[in-house]
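Colleague: Single-letter residue listing:
2 protein chains.
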Amino acid sequence: MKLKPIGVIRSPYRTREEAPHQGKGISRIELKDEFSEGLRDIESFSHLHVFYWLDRSEGFSLSVRTPWDPEPKGLFATRTPNRPNPIGYSVVRLVERRGNVLTVEGLDAIDGTPVIDIKPYIPKIDSERAGKANSGWLEGKLGRRWNETRDGF
Amino acid sequence: MKLKPIGVIRSPYRTREEAPHQGKGISRIELKDEFSEGLRDIESFSHLHVFYWLDRSEGFSLSVRTPWDPEPKGLFATRTPNRPNPIGYSVVRLVERRGNVLTVEGLDAIDGTPVIDIKPYIPKIDSERAGKANSGWLEGKLGRRWNETRDGF
Numbered sequence: 057m058k059l060k061p062i063g064v065i066r067s068p069y070r071t072r073e074e075a076p077h078q079g080k081g082i083s084r085i086e087l088k089d090e091f092s093e094g095l096r097d098i099e100s101f102s103h104l105h106v107f108y109w110l111d112r113s114e115g116f117s118l119s120v121r122t123p124w125d126p127e128p129k130g131l132f133a134t135r136t137p138n139r140p141n142p143i144g145y146s147v148v149r150l151v152e153r154r155g156n157v158l159t160v161e162g163l164d165a166i167d168g169t170p171v172i173d174i175k176p177y178i179p180k181i182d183s184e185r186a187g188k189a190n191s192g193w194l195e196g197k198l199g200r201r202w203n204e205t206r207d208g209f
Numbered sequence: 057m058k059l060k061p062i063g064v065i066r067s068p069y070r071t072r073e074e075a076p077h078q079g080k081g082i083s084r085i086e087l088k089d090e091f092s093e094g095l096r097d098i099e100s101f102s103h104l105h106v107f108y109w110l111d112r113s114e115g116f117s118l119s120v121r122t123p124w125d126p127e128p129k130g131l132f133a134t135r136t137p138n139r140p141n142p143i144g145y146s147v148v149r150l151v152e153r154r155g156n157v158l159t160v161e162g163l164d165a166i167d168g169t170p171v172i173d174i175k176p177y178i179p180k181i182d183s184e185r186a187g188k189a190n191s192g193w194l195e196g197k198l199g200r201r202w203n204e205t206r207d208g209f
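Chains A and B supply the protein sequences, listed in that same order.
One point on numbering: in my numbering, the residue at position 145 of the first sequence is 201, and numbering is uninterrupted.
One point on numbering: in my numbering, the residue at position 15 of the second sequence is 71, and numbering is uninterrupted.
Treat the hints with caution; some may be incorrect.
All copies of an identical chain are treated as equivalent in the list; a pair is satisfied when it fits inside any one copy or across any two copies.
[Said to hold, decoys possible] Each computed DMTMM-like pair below joins lysine to aspartate or glutamate, with the alpha-carbon atoms no more than 25 Å apart:
1. LYS58 with GLU114
2. LYS188 with GLU152
3. LYS88 with ASP167
4. LYS197 with GLU152
5. LYS80 with GLU99
6. LYS197 with GLU99
7. LYS180 with ASP89
8. LYS197 with GLU93
9. LYS180 with GLU74
10. LYS188 with ASP89
11. LYS60 with ASP89
12. LYS180 with GLU73
13. LYS60 with ASP111
14. LYS58 with ASP167
15. LYS197 with GLU73
16. LYS188 with GLU99
17. LYS60 with GLU161
18. LYS88 with GLU161
19. LYS180 with ASP125
20. LYS180 with GLU127
In case anyone wonders, no lab produced these hints; they're calculated from the structure.
Start from the sequences and build out the full structure, keeping to the hints where you can.
Modeller: Given below as structure tokens:
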């Protein structure tokens with residue numbers, strides 16, 4: 057179970073502190089030339105799933121303090137980047153494709169983060185199924201931070 | 057960039073042929089005991105993102121024939137399991153948690169598939185953003201198959 061980078065994220069964020077929580081900024085995904093052919097037809101989609109490797113992540117704790125609640129939560133009930141397998145995941149809007157470069161909106165990854173997979177977002181299977189999803193312990197809490205820890209979400 | 061299994065999927069599907077496309081069946085996720093504490097509070101969420109390793113995947117081609125269209129598509133414009141990094145991804149409904157075992161609806165993975173991450177599904181960041189997503193080249197095609205290849209979706 058070894059991952060190989062298929063490309064890299066280019067973003068304005070140099071550190072974890074600079075990267076916004078689930079940000080709305082514009083980033084680029086530069087795919088390696090060898091995978092360029094695999095992007096054919098991707099511009100027909102408005103949204104993509106992007107999977108990346110949080111290479112700045114350092115270890116993990118099964119109990120996590122978040123910015124949203126004074127009580128610690130179980131790791132898998134949070135979006136902390138410090139995970140057993142530090143896989144980053146975002147839904148992004150595809151702004152433009154030029155050759156092997158995708159311009160996307162909605163990544164919060166640090167510049168230089170390795171990309172490991174890209175899949176098309178297909179509403180029929182990706183959002184209809186979750187049409188009635190709740191927000192769990194985060195219900196009503198996303199608007200106001202409890203503290204400024206960066207680990208939590 | 058090495059992945060370690062955090063658990064395993066238990067499903068009724070023994071082979072790729074048996075596993076439904078984006079199925080609606082009930083599966084279990086058995087987390088390793090050592091990660092059990094990380095599931096605390098997860099039962100407050102109705103839906104989860106599940107990430108797994110498609111260990112039955114064998115190589116990949118950058119041009120993919122799908123069941124939905126006679127024209128081959130670029131790999132990253134499809135959901136084929138044969139990918140440079142064979143990461144499986146589904147949104148599932150959490151039916152029940154008992155200790156380190158999650159019962160979920162919506163996985164189409166083969167019995168024994170390694171689980172690599174679980175994240176809470178949070179509508180605010182996971183579906184509002186994709187509220188106007190289209191279906192790309194799949195628009196209008198999901199209802200009828202062009203052929204019976206298993207590779208495509």
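Colleague: State for each hint whether it applies.
Modeller: Going through the hints against the structure:
1. Proximity of LYS58 to GLU114 under the C-alpha cut-off of 25 Å is found in both arrangements, the shortest distances being 18 Å within a copy and 14 Å between copies.
2. Taking the closest pair of Cα atoms, LYS188 and GLU152 come within 25 Å of each other only across two copies (16 Å); inside a single copy the shortest separation is 31 Å, beyond that limit.
3. Within a single copy, LYS88 and ASP167 get their C-alpha atoms as close as 16 Å, which meets the 25 Å cut-off; across copies the closest is 33 Å, which misses it.
4. In this homomeric assembly, LYS197 and GLU152 come within 25 Å of each other (Cα to Cα) only across copies, at 24 Å, whereas the closest approach inside a single copy is 34 Å.
5. When the C-alpha separation of LYS80 and GLU99 is checked against a cutoff of 25 Å, the pair qualifies only within one copy, where the shortest distance is 20 Å, while the shortest distance between copies is 29 Å.
6. With identical chains, the CA atoms of LYS197 and GLU99 are at most 25 Å apart between copies only, with a shortest distance of 17 Å across copies and 36 Å within one.
7. For the homomeric pair LYS180 and ASP89, neither the shortest alpha-carbon distance inside one copy (31 Å) nor that between copies (35 Å) is at most 25 Å.
8. Taking CA atoms no more than 25 Å apart as the test, LYS197 paired with GLU93 passes between copies only; the shortest distance there is 23 Å, against 43 Å inside one copy.
9. In this homomeric assembly, LYS180 and GLU74 come within 25 Å of each other (Cα to Cα) only across copies, at 21 Å, whereas the closest approach inside a single copy is 35 Å.
10. Taking the closest pair of Cα atoms, LYS188 and ASP89 never come within 25 Å of each other, the shortest separation being 40 Å inside a single copy and 30 Å across copies.
11. In this assembly of identical chains, LYS60 and ASP89 lie within 25 Å of each other by CA distance solely inside one copy; the values are 14 Å within and 28 Å between copies.
12. Taking CA atoms no more than 25 Å apart as the test, LYS180 paired with GLU73 passes between copies only; the shortest distance there is 22 Å, against 36 Å inside one copy.
13. For the identical chains of this complex, LYS60 and ASP111 are neighbours both inside a copy (13 Å) and across copies (15 Å), given an alpha-carbon limit of 25 Å.
14. Taking CA atoms no more than 25 Å apart as the test, LYS58 paired with ASP167 passes in both settings, with 22 Å inside one copy and 21 Å between copies.
15. With identical chains, the CA atoms of LYS197 and GLU73 are at most 25 Å apart within one copy only, with a shortest distance of 21 Å there and 43 Å across copies.
16. In this homomeric assembly, LYS188 and GLU99 come within 25 Å of each other (Cα to Cα) only across copies, at 15 Å, whereas the closest approach inside a single copy is 29 Å.
17. For a Cα distance limit of 25 Å, the shortest separation of LYS60 from GLU161 inside one copy, 24 Å, qualifies, whereas the shortest one across copies, 30 Å, does not.
18. When the C-alpha separation of LYS88 and GLU161 is checked against a cutoff of 25 Å, the pair qualifies only within one copy, where the shortest distance is 20 Å, while the shortest distance between copies is 36 Å.
19. In this homomeric assembly, LYS180 and ASP125 come within 25 Å of each other (Cα to Cα) only across copies, at 17 Å, whereas the closest approach inside a single copy is 33 Å.
20. Taking the closest pair of Cα atoms, LYS180 and GLU127 come within 25 Å of each other only across two copies (21 Å); inside a single copy the shortest separation is 36 Å, beyond that limit.
Checked against the numbered hints listed earlier, the structure breaks hints 7, 10; every other hint is satisfied.
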